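Let's have the full structure, built from the sequences with the hints guiding it.
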Amino acid sequence: MEGQGKKNIDKTMIGVVLAFIVIVCACLFISPDWSKWIINSVNSFIATNLGFVYVWIVFISIILCIVLGTSKFKNIKLGEGEKEYSEFSWASMMFCASMAAGFLYWGSIEWVFHYMAPPYGVDAQSVKAAEYAATLPLFHWGISAWSVYLIPAVAFAFVHFNLKQEKFDVANVCREILGDRVDGPLGKVINIFFIFGLLGGVGTALGIGSPLVSACLNKLFGIEDTPVLRFGVMVLVTCIFTISAYKGIKRGIKILSDINIFLMLAAVVILFVLGNTTFIIKMQTTSLGIMLQEFIHMSTYMDPVNNSGHPETWIVFYWAWWMSYSIFMGLFIAKISKGRTIKQVIFGGLGYGFLGSFVFFSIFGNYFMDQQLSGAYDVVKGVTEMGGPATVVDVYSKLPIGTVFVVAILITSIISMATNFDSAAYTLAMVSSKKIQLGERPSKRLTIFWAFCMAAIPMVLMVFGGSLAELQTLSIIMALPTCLVYAIIIISCFKMLKKYYEENNKL
Numbered sequence: 000m001e002g003q004g005k006k007n008i009d010k011t012m013i014g015v016v017l018a019f020i021v022i023v024c025a026c027l028f029i030s031p032d033w034s035k036w037i038i039n040s041v042n043s044f045i046a047t048n049l050g051f052v053y054v055w056i057v058f059i060s061i062i063l064c065i066v067l068g069t070s071k072f073k074n075i076k077l078g079e080g081e082k083e084y085s086e087f088s089w090a091s092m093m094f095c096a097s098m099a100a101g102f103l104y105w106g107s108i109e110w111v112f113h114y115m116a117p118p119y120g121v122d123a124q125s126v127k128a129a130e131y132a133a134t135l136p137l138f139h140w141g142i143s144a145w146s147v148y149l150i151p152a153v154a155f156a157f158v159h160f161n162l163k164q165e166k167f168d169v170a171n172v173c174r175e176i177l178g179d180r181v182d183g184p185l186g187k188v189i190n191i192f193f194i195f196g197l198l199g200g201v202g203t204a205l206g207i208g209s210p211l212v213s214a215c216l217n218k219l220f221g222i223e224d225t226p227v228l229r230f231g232v233m234v235l236v237t238c239i240f241t242i243s244a245y246k247g248i249k250r251g252i253k254i255l256s257d258i259n260i261f262l263m264l265a266a267v268v269i270l271f272v273l274g275n276t277t278f279i280i281k282m283q284t285t286s287l288g289i290m291l292q293e294f295i296h297m298s299t300y301m302d303p304v305n306n307s308g309h310p311e312t313w314i315v316f317y318w319a320w321w322m323s324y325s326i327f328m329g330l331f332i333a334k335i336s337k338g339r340t341i342k343q344v345i346f347g348g349l350g351y352g353f354l355g356s357f358v359f360f361s362i363f364g365n366y367f368m369d370q371q372l373s374g375a376y377d378v379v380k381g382v383t384e385m386g387g388p389a390t391v392v393d394v395y396s397k398l399p400i401g402t403v404f405v406v407a408i409l410i411t412s413i414i415s416m417a418t419n420f421d422s423a424a425y426t427l428a429m430v431s432s433k434k435i436q437l438g439e440r441p442s443k444r445l446t447i448f449w450a451f452c453m454a455a456i457p458m459v460l461m462v463f464g465g466s467l468a469e470l471q472t473l474s475i476i477m478a479l480p481t482c483l484v485y486a487i488i489i490i491s492c493f494k495m496l497k498k499y500y501e502e503n504n505k506l
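The sequence shown begins at 0 in numbering that gives the first Met the number 0 and counts up by one.
If you're looking for bench data, these hints aren't it; they were derived computationally from the structure.
Every value quoted in this text rests on a predicted model; they were computed, and no experiment measured them.
One thing to keep in mind: the hints can contain errors.
What the hints assert, rightly or not - Computed list of lysine-lysine pairs in BS3-like fashion (alpha-carbon distance at most 27 Å, straight line):
(1) K82 / K163
(2) K76 / K163
(3) K163 / K10
(4) K163 / K337
(5) K380 / K281
(6) K73 / K494
Laid out in structure tokens, this is it:
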């Protein structure tokens with residue numbers, strides 16, 4: 000069943016967001032250099048002076064996730080009936096909606112940057128630098144990232160499926176703290192903060208995914224990697240996720256996610272078999288040991304004495320990116336988690352999330368590291384001279400089935416971006432609908448509208464000669480107001496569960 004007509008659309012919210020998009024696009028059109036300078040200046044100020052905010056929020060979220068998953072609330076079932084999706088489809092949709100596009104790029108070469116400029120006072124290109132370089136990506140993409148998604152997911156699912164409140168939006172989950180004020184202007188502000196944060200997160204994903212697709216096309220067909228090509232990539236991805244969004248979760252997002260995971264698993268098996276399997280396993284084991292031993296140190300490292308800039312460049316950037324996605328992923332995971340207990344959502348999300356990160360990063364990344372250390376391919380030189388995306392594709396093209404592998408990477412990258420934007424468009428359509436009944440879909444037209452809105456800013460940036468580098472900094476800027484909303488949601492979640500448990504103490 001689908002949301003009904005124009006009367007069910009929150010026009011005020013859409014109007015504010017549209018105005019924001021128009022203003023940003025106009026600034027990029029009138030003065031792209033000035034616009035990029037503003038973005039980079041604000042980003043630098045926040046990362047340097049307020050980066051600790053993201054560090055503390057994520058660290059506290061990890062603790063609260065474990066507390067919630069083991070608390071007296073753990074067996075509360077989110078909604079009635081059986082699980083709507085199998086474990087494989089549930090995990091695939093979560094994975095592809097949040098991280099899949101980034102895995103293909105950062106999974107292959109993030110280690111290069113830590114190897115060349117390691118933290119903790121370690122010498123560059125040393126043995127210790129290599130070990131930390133293999134460990135840090137697992138840390139950045141592991142349980143810390145997933146922890147900020149899962150408590151909001153429980154909160155949204157509980158409000159929608161257990162309390163059966165019709166409005167499936169962000170402000171409604173804050174009702175336990177803010178009361179009926181969420182029905183007025185304050186509620187709209189909260190929802191708009193969420194949308195702005197998500198626009199920043201999607202912009203970052205675009206900044207990572209599009210160059211990789213362009214590099215694949217360049218390698219396969221000799222097409223020069225230009226802003227025009229990247230614009231074409233964006234048009235293609237927009238068309239795919241528009242069709243998928245029109246089909247909905249079960250026929251769109253689920254199918255794309257399942258296909259994507261199968262392709263990525265096939266890529267993992269190929270690299271594991273064709274690569275230096277012994278080195279991969281040894282470095283996997285070493286990395287896991289380092290991360291378990293130094294997890295708290297890594298989670299709180301801000302380098303205040305040396306001021307190397309490493310925390311701001313990496314942990315602050317990643318934590319802000321995850322925060323910009325936190326509420327969106329909470330809404331999306333909630334929608335696909337009906338019939339699961341709180342314990343299953345928390346530990347299923349943490350478990351599948353970490354397992355995915357561990358498998359993909361340790362195999363993709365360690366395959367590339369072995370190419371560097373064995374002298375088979377100078378990955379560091381490639382990244383320095385050709386850039387990351389071109390290097391990733393060039394290394395893969397030298398496999399015995401190089402062309403087939405690059406085609407698979409191309410398809411997977413496109414599907415990853417399409418699934419990410421598809422999930423985001425679906426969620427934005429739910430939030431901007433006045434009422435969504437249990438089991439009801441948001442308007443297809445509204446979903447497609449949001450799909451094109453998310454593509455507008457990066458498309459305009461490319462048309463007028465800009466690069467996607469600035470989009471990669473948007474998360475740090477746009478996620479800041481999201482942190483406040485996130486904190487309210489967390490407190491509200493625990494208060495709601497406590498109240499519900501006391502009223503239904505037979506659970």
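For this session: Please work out if K76 and K163 have their alpha carbons no farther apart than 27 Å.
Result: holds, 13 Å
Problem set entry | 27 Å limit on alpha-carbon distance, applied to hinted pair K73 and K494 | holds, 14 Å
Exercise. Under the criterion that the straight-line Cα-Cα distance not exceed 27 Å, is the pair K163, K10 satisfied?
Worked result: Distance of about 24 Å is within 27 Å: holds.
Problem set entry | Restraint check for K380 with K281, where alpha carbons must lie at most 27 Å apart | Holds - the C-alpha atoms of K281 and K380 are around 25 Å apart, at most 27 Å.
Problem set entry | Hint consistency between K82 and K163 [alpha-carbon to alpha-carbon, up to 27 Å] | holds, 17 Å
Problem set entry | Straight-line alpha-carbon gap K163 to K337, limit 27 Å | The given pair, whose Cα atoms are some 12 Å apart, holds under the 27 Å limit.
Violated hints: none; the structure is consistent with every hint.
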